[in-house]
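**Student:** Sequence:
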Amino acid sequence: MFVPYMDPVSDDWYSITYLDCGDFGCGQSAVSLEPYTDCPTNAAFMDGIFASQDGTPTKVSNVMCIFEKYAGNIMWRHTEAEIPWLKITEVRPDVSLVVRMVTTVGNYDYIVDYEFKPSGSIKVGVGLTGVLEDKPVEYVHTSEIKEDDIYGTIVADNTVAVNHDHFVTFRLDLDVDGKDNSFVRTKLVTKRTQKSVGTPRKSYWTTNRKVAKTEAEARVKLGLRAEELMVVNPNRRTKHGNEVGYRLLPGTVSGPLLTQDDYPQIRAAFTNYNVWITPYNKSEVWASGLYADRSQGDDTLAVWSQRNRKRENKDIVMWYTVGFHHVPCQEDFPTTPTLSSGFELRPVNFFEQNPVLKTKLIKLTTTPKCTPSKNN
Numbered sequence: 008m009f010v011p012y013m014d015p016v017s018d019d020w021y022s023i024t025y026l027d028c029g030d031f032g033c034g035q036s037a038v039s040l041e042p043y044t045d046c047p048t049n050a051a052f053m054d055g056i057f058a059s060q061d062g063t064p065t066k067v068s069n070v071m072c073i074f075e076k077y078a079g080n081i082m083w084r085h086t087e088a089e090i091p092w093l094k095i096t097e098v099r100p101d102v103s104l105v106v107r108m109v110t111t112v113g114n115y116d117y118i119v120d121y122e123f124k125p126s127g128s129i130k131v132g133v134g135l136t137g138v139l140e141d142k143p144v145e146y147v148h149t150s151e152i153k154e155d156d157i158y159g160t161i162v163a164d165n166t167v168a169v170n171h172d173h174f175v176t177f178r179l180d181l182d183v184d185g186k187d188n189s190f191v192r193t194k195l196v197t198k199r200t201q202k203s204v205g206t207p208r209k210s211y212w213t214t215n216r217k218v219a220k221t222e223a224e225a226r227v228k229l230g231l232r233a234e235e236l237m238v239v240n241p242n243r244r245t246k247h248g249n250e251v252g253y254r255l256l257p258g259t260v261s262g263p264l265l266t267q268d269d270y271p272q273i274r275a276a277f278t279n280y281n282v283w284i285t286p287y288n289k290s291e292v293w294a295s296g297l298y299a300d301r302s303q304g305d306d307t308l309a310v311w312s313q314r315n316r317k318r319e320n321k322d323i324v325m326w327y328t329v330g331f332h333h334v335p336c337q338e339d340f341p342t343t344p345t346l347s348s349g350f351e352l353r354p355v356n357f358f359e360q361n362p363v364l365k366t367k368l369i370k371l372t373t374t375p376k377c378t379p380s381k382n383n
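If you're matching positions, the sequence shown starts at 8 in our numbering and goes up one per residue.
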């Protein structure tokens, strides 16, 4: 986790470029969850045991909650419009299982959800909330600001909330239907139709599939390029011949804006790409290195990847970074309403048939209705 603040000149601020999990420990900073507020009424709670700074085990009560979630979303539906004289409609609600924890690192609280869906998808959500990191200034109005002097937003009298980033990197050891996997990049490519075809269409798109053979070929900076990213097992196929796999569906995409020679960015070079693929190595667990608080950037995911190891049809690990650029506003002060992002791992030819077809229809005995009050 990398949280750099954007005041580069103030003596008390230029060095505030936290590697939160490495500096403070996201496990050590995990907090007890409050029933009915941190988690819904149907949640079950679990305690956690963490190693303290001196290595002794420490128990945190209610550090994790598990609950069934239904937010009114539709898992799938269809109305058969081609048979107008017969009403045929099938709908299934999207009910999922959520595992949640919260870690409070300094002034920020990080909400991490793992959501397991009936479709076989796994959604990972990251929510940022807590208290803004702010600094005192002489200004009370934007008209008083000198150019390039505050590096943030005036959110209250004599108070500036400094611009900053949050980058949260996940290590995903997927092992899709076995340990030996490959990373596939499928680009969507526009092509012109041939005049000899005799169609009024001028263009179409098709797919260009490439298996990444080395770490360099598997580094990805996400953007507007149409591309699908998958981890597949080339040794397992469906009865129709498709490789079983899981696809990465990114959420909101943000990358680092610091220059590559800036010392904080050297330490956090694991954010240079949104996606990395490395061969499994039991010593390569933390993207910022084993001792992040003393790091000089020589033991990070970016350094490991420079070895450019072969990784086709091998035990591999995917690293994905969720990024936020936070320009504070008055509504964020003093406590910030939760900002959320994340990603989804979605099955691709993993099942022989659609698993949601097994979900049962929910039948209601009564339909709730809203009626106007007689007093109005």
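Accuracy of the hints is not assured; some may be wrong.
Straight-line C-alpha distance at most 20 Å; calculated SDA-like pairs for lysine to any residue [what the hints assert, rightly or not]:
hint	residue 1	residue 2
1	K76	Y121
2	K228	L265
3	K130	G79
4	K142	A163
5	K217	D187
6	K367	D187
7	K246	K130
8	K365	D187
For each label pair, taking beta carbons as the anchor points, the in silico distance ranges come out as [to be verified]:
hint	residue 1	residue 2	range
9	T200	F123	39 to 47 Å
10	R216	T366	42 to 50 Å
11	L264	Y287	49 to 57 Å
12	T366	F52	25 to 33 Å
13	E338	S380	30 to 38 Å
Treat the hints as calculated values from the structure; they're not laboratory data.
We put the beta carbon where it would ideally sit given N, CA and C, even for glycine.
**Student:** Hint by hint, say whether it matches the structure.
**Tutor:** Hint check:
Restraint check for K76 and Y121: satisfied, since their Cα atoms lie roughly 12 Å apart, inside the 20 Å limit. With a C-alpha separation of about 15 Å, the suggested pairing of K228 with L265 holds against the 20 Å cut-off. Restraint check for K130 and G79: the C-alpha separation of about 17 Å stays at or below 20 Å, so the hint holds. Simply put, K142 and A163 have alpha-carbon atoms about 11 Å apart, close enough for the 20 Å limit, and the pair holds.
Proposed proximity of K217 and D187 is supported: the alpha carbons are some 17 Å apart, at most 20 Å. With a CA separation close to 35 Å, the supplied pair K367 and D187 exceeds the 20 Å bound. The hinted pair formed by K246 and K130 fails the criterion: a straight-line CA distance of about 27 Å is larger than 20 Å. For the given pair, K365 sits about 30 Å from D187 by alpha-carbon distance, which is inconsistent with the 20 Å threshold.
The hinted window of 39 to 47 Å between T200 and F123 holds, with their beta carbons roughly 43 Å apart. Roughly 31 Å separates the CB atoms of R216 and T366, a value that falls outside the hinted 42 to 50 Å. For the hinted restraint 49 to 57 Å between L264 and Y287, the CB-CB distance of approximately 32 Å leaves it violated. Checked against the given bound of 25 to 33 Å, the beta carbons of T366 and F52, roughly 27 Å apart, stay inside it.
At roughly 32 Å, the beta-carbon separation of E338 and S380 lies within the given 30 to 38 Å, and the hint holds.
Hints 6, 7, 8, 10 and 11, counting from the list given before, are not met by this structure.
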